[in-house]
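Engineer: Below, each chain spelled out in residue letters.
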Amino acid sequence: MSGSVVDNTVSSGNSSVAIPTDISGQILDIDEDDDLEVFSKDTTLSDGSSLNASMQTSSASMINQYKFEEEEEDADTKDIFVTVDNPESHVTAIETYITYRVETKTTRSEFDSSEFEVRRRYQDFLWLKGRLEEAHPTLIVHPLPEKFVMKGMVERFNEDFIETRRSALHKFLNKIAEHPIFSSSEDFKIFLTAGSGELTSHKKQGPGFLSRMGETVKAVAAAVRGVRGRPQEFTDMQEYAEAFSQKISSIDKVTQRIVREQKEYLEELKECGPTYALWSQSEEELAEPLKNVAGCVDKCCKETEEQVKHLNDHLIPVLHEYVLCADTLKAVLRRRDNIQADFEVKTEALATKKADRDADSKVLSLAWDSLVGRSPEEVKQQKQQKLKGEIKEMRDELDKVEDRLEWANNALKSDWTRWQKGMRTDLRSAFNDTAERNVSYYEKCLAVWESFLQSQRTDAEGNGNVDFS
Amino acid sequence: MADSGSEAIAVIGNTDLTPSESENNLKNTMVEKGTSLLKKMEISVAEAEKRTGKNAVNMQETYTVYLIETRPVDAASEGTNPALDSLWRRYSEFELLRNYLLVTYPFAVVPPLPEKRAEFVWHKLSADNMDPDFVERRRVGLENFLLRVASHPVLSSDKIFYLFLTEENGWKETMFETGFQAKADSRLKALNATFRVKNPDKRFAEMKHYGDELQSVISQLLRVRARAADRLYGVYKVHGNYGRVFSEWSAIEKEMGDGLQSAGHHMDAYAASVDDILEEEEHYADQLKEYLFYADALRTVCRKHELTQYELEMAVQDLTSKKQQREELATGTIRTFSLKGMTSKLFGQETPEQREAKLKMLETQIEEGEEQVKERNAECDEFVKSAWVDIERFKEQKDHDLRESLISYAIMQISMCKKGIQVWNNAKECFNKM
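Note that the protein sequences, when read in sequence, are chains A and B.
Residue 1 is where the first sequence starts when you use full-length UniProt numbering, and the numbers rise one by one after that.
Residue 1 is where the second sequence starts when you use full-length UniProt numbering, and the numbers rise one by one after that.
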């Protein structure tokens, strides 16, 4: 079993805020606009704020959620298998879009059945990602493929683009399924199992646009103020995230440059074979070896083509995913910072209020109150009561935020370690594959040229025999 | 030939042959062909040096000289190191020698010199004549030229060639004394003139056509190869960037650090390996270039044959017309239109004495003409015979050499692949440790 505790009360999806349907309509409209944007990295509006009232359990049990055991994500302990395949194009009056088949096979008890098959479009994946990020602002959600690729003006419905996207979506869902917290998300379950009508109505629930906006304003304010007492470990993580982002972007660029150079090399090499073939036509004795060489060069061309394709189809997508991951890391750290900033603001406010309470009553207000006809004692009592009430409220609120901060910090720390392990595995495997592929490329070319030598050897021996006879 | 057969096996059997070794094999082939010159003398172009001096217009110039070393081959003397003779020559002197050979042995396919200026270069290679790599490749090419001449059945016994190899001074004077310069000028003029041969020899026409095709296709191959080399260089060098970034990345990782760092080193090694690979390919390109220029020499021989044939035809034509004139004069009939005939019709016949004188003159001319035709016929036959022998010899040499070149190209590719396999296997091990 992956993960130690699966607590459904923590997962997102339980709507704690009821929303009138007319506003929920607006929510969907805004989502649809997403498709028209050019770039997308992170579309969630929430910034460290969580609206789930159900998350108000004690910090102790919270921390327990995020103590991930040594995870054995081997095939034998995996109890859910998700595949994304079979892209299909849908044409309506307004738009054309692609849906993908999402197939789930699972033995988990919370699922009603053991096999599910649904069709989902990119928007739906985007929605799922947003929900997971909202519910767990300091957990690292694997990135989705970008909405639209500007480079090279790849058409949205180009075969290669669709395949690349399908593969990335498949990886995305599998990363979610492997994650101890995300995989038990109600939204995730609904995503995998609900019919399209059910999904649409489920999407309409959840925190409203307005409340999300409200949270954003607060978050922006906190972000502007900045966090003051950030623990060193998070600063270290920040530095790492920055550096990693730079390095992985560089590697991505280098790899793309290699692909470009290989393609240009291939263009030139493609002319060599035919030139040898042309030459063979003017020759007698040399015709055979020349034709042979032409054939060898052509074969090497094919191998080079295959190798470039492998780089494009396997290494580049992985590198690209981790470029996006780097941005996710930075976003997650930012959100954590905002929670801490919020906590610091509230702590300061409480301290100020307490200072107010302990300070002598203000002369001016007493003067006013005596004018209105209240005795100084009465006024002082009223003031003290008011302050006491406010202080209690603020302390309660502060406790909540403190819990949230501790919970966010622990979540982040655990998920960070988990992410690093995953990154290491993914990149190791991707580079390994590439190196293997390159070895195989050279081995194949080697065989081509050795067979040429072999043929010339047999020729020479043949001639030799003739001479000696 | 039994020799070439066994040599070919020897070369192919050893796939770890380096280009310089295969060039050595080429030289050994030439030595074993065994002209009398090569039997008694070892020839090499050992070094190159830069010199400065005043040129013909009294201006300072820098040029390169090449050291020609000759050593008598004494099979009997073992242990005693025979004396080495050496002298310095510059490229222009080689050119003079070759011109001399071209003029003196017009029927021979004269070995070409290495190119005057670097052509078909890919970007990293310098096109500068003073560049040390270019000079080195030229040194090899000049040595090759001398060995080719020395292994030629006819050219190797030329006296001027021998002096070129052995006498630093006085060689030029002796050469000019042969009066080849005059022949050179007229030959150049004649070869560049346009003329049509009535009965072209089919074999030579085909050979000329082959020479054209060979020149065209080798040029194309050299061009394409240079461009591909350029691109390949790019591919390898970009991998060097992996080395740098992996190294930087390893600094921020804990467990992955070592694997990344060592993988980066292998990427650097991969990037660096392309320099050697392309240098070896340059040798191959040089071998192709030699035959590119040989194609020109072949065409020259065919062209010379055309000229000889043409001159023969001209002589025959001249003789025929003179004979016709004699007949007309003797019989008094005018069969063909001639200005003389018309004027004599208009202005009356000549006197019998005049006719007699004319006939006598024609007789002499016809005698001379017949001599000339006989000479030219003999020349032509002689030329055709010796040229065809040399062309056959050249064909065999070309087939053998180019086949060896293709084999050495394959060997180079194999070596490149082996290096690639090694580097990426190493890198893979490092990645596994990540």
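Derived by calculation from the structure, the hints in this document are not laboratory data.
We put the CB at the ideal spot given by N, CA and C, even for glycine.
Treat the hints with care, since some could be wrong.
Claimed, not checked - List time: in silico SDA-like cross-link candidates among lysine to any residue, alpha-carbon distance up to 25 Å:
| # | chain 1 | residue 1 | chain 2 | residue 2 |
| --- | --- | --- | --- | --- |
| 1 | A | LYS309 | A | ARG428 |
| 2 | B | LYS40 | B | SER157 |
| 3 | B | LYS428 | B | GLU248 |
| 4 | A | LYS263 | B | ASP275 |
| 5 | B | LYS202 | B | VAL224 |
| 6 | A | LYS105 | A | ASN174 |
| 7 | B | LYS428 | A | ARG424 |
| 8 | A | LYS147 | A | ARG101 |
| 9 | B | LYS433 | A | MET237 |
| 10 | A | LYS444 | B | LYS428 |
| 11 | B | LYS237 | A | GLU305 |
| 12 | B | LYS304 | B | TYR105 |
| 13 | A | LYS263 | B | SER273 |
| 14 | A | LYS291 | B | VAL224 |
Unchecked claim - The following residues of chain B were derived to be distant from chain A, with all beta-carbon distances above 12 Å:
| # | residue |
| --- | --- |
| 15 | PHE107 |
| 16 | LEU232 |
| 17 | CYS430 |
Engineer: Each hint should be assessed against the structure and marked as holding or not.
Structural biologist: Here is what the structure says about each hint:
1. Annotation: proposed proximity of LYS309/A to ARG428/A holds, straight-line Cα distance about 20 Å (limit 25 Å).
2. Taking the CA atoms of LYS40/B and SER157/B, the gap is near 12 Å; set against the 25 Å cutoff, the hint holds.
3. Distance restraint check for LYS428/B and GLU248/B: the Cα-Cα separation of roughly 19 Å lies within the 25 Å cut-off, and the hinted pair is therefore satisfied.
4. Annotation: proposed proximity of LYS263/A to ASP275/B holds, straight-line Cα distance about 20 Å (limit 25 Å).
5. As the CA atoms of LYS202/B and VAL224/B are separated by approximately 33 Å, the hinted pair breaks the 25 Å bound.
6. Of the supplied pair hints, the one linking LYS105/A and ASN174/A holds, its CA atoms being roughly 12 Å apart against a limit of 25 Å.
7. A threshold of 25 Å between alpha carbons decides the hint, and for LYS428/B with ARG424/A the separation of about 15 Å falls inside it, so the pair holds.
8. A hinted pair counts as satisfied when its Cα atoms are at most 25 Å apart, and LYS147/A with ARG101/A qualifies at roughly 18 Å.
9. Proposed proximity of LYS433/B and MET237/A is supported: the alpha carbons are some 24 Å apart, at most 25 Å.
10. Of the supplied pair hints, the one linking LYS444/A and LYS428/B holds, its CA atoms being roughly 18 Å apart against a limit of 25 Å.
11. With a CA separation close to 19 Å, the supplied pair LYS237/B and GLU305/A stays within the 25 Å bound.
12. For the proposed pair LYS304/B and TYR105/B, the alpha carbon gap of about 11 Å is at most 25 Å, so the pair holds.
13. For the hint linking LYS263/A to SER273/B, the alpha-carbon distance of about 20 Å falls within 25 Å, and the restraint holds.
14. A C-alpha spacing of about 17 Å is found between LYS291/A and VAL224/B, which places the hinted pair at or below 25 Å, so the restraint holds.
15. Non-interface call for PHE107/B relative to chain A: holds, since the shortest CB-CB distance, roughly 22 Å, exceeds 12 Å.
16. Remark: the non-interface label on LEU232/B conflicts with the geometry, its nearest Cβ contact in chain A lying 5 Å away (cut-off 12 Å).
17. Under the 12 Å C-beta cut-off, the non-interface status given to CYS430/B relative to chain A is violated; the minimum distance is some 9 Å.
Checked against the numbered hints above, the structure violates hints 5, 16, 17; every other hint is satisfied.
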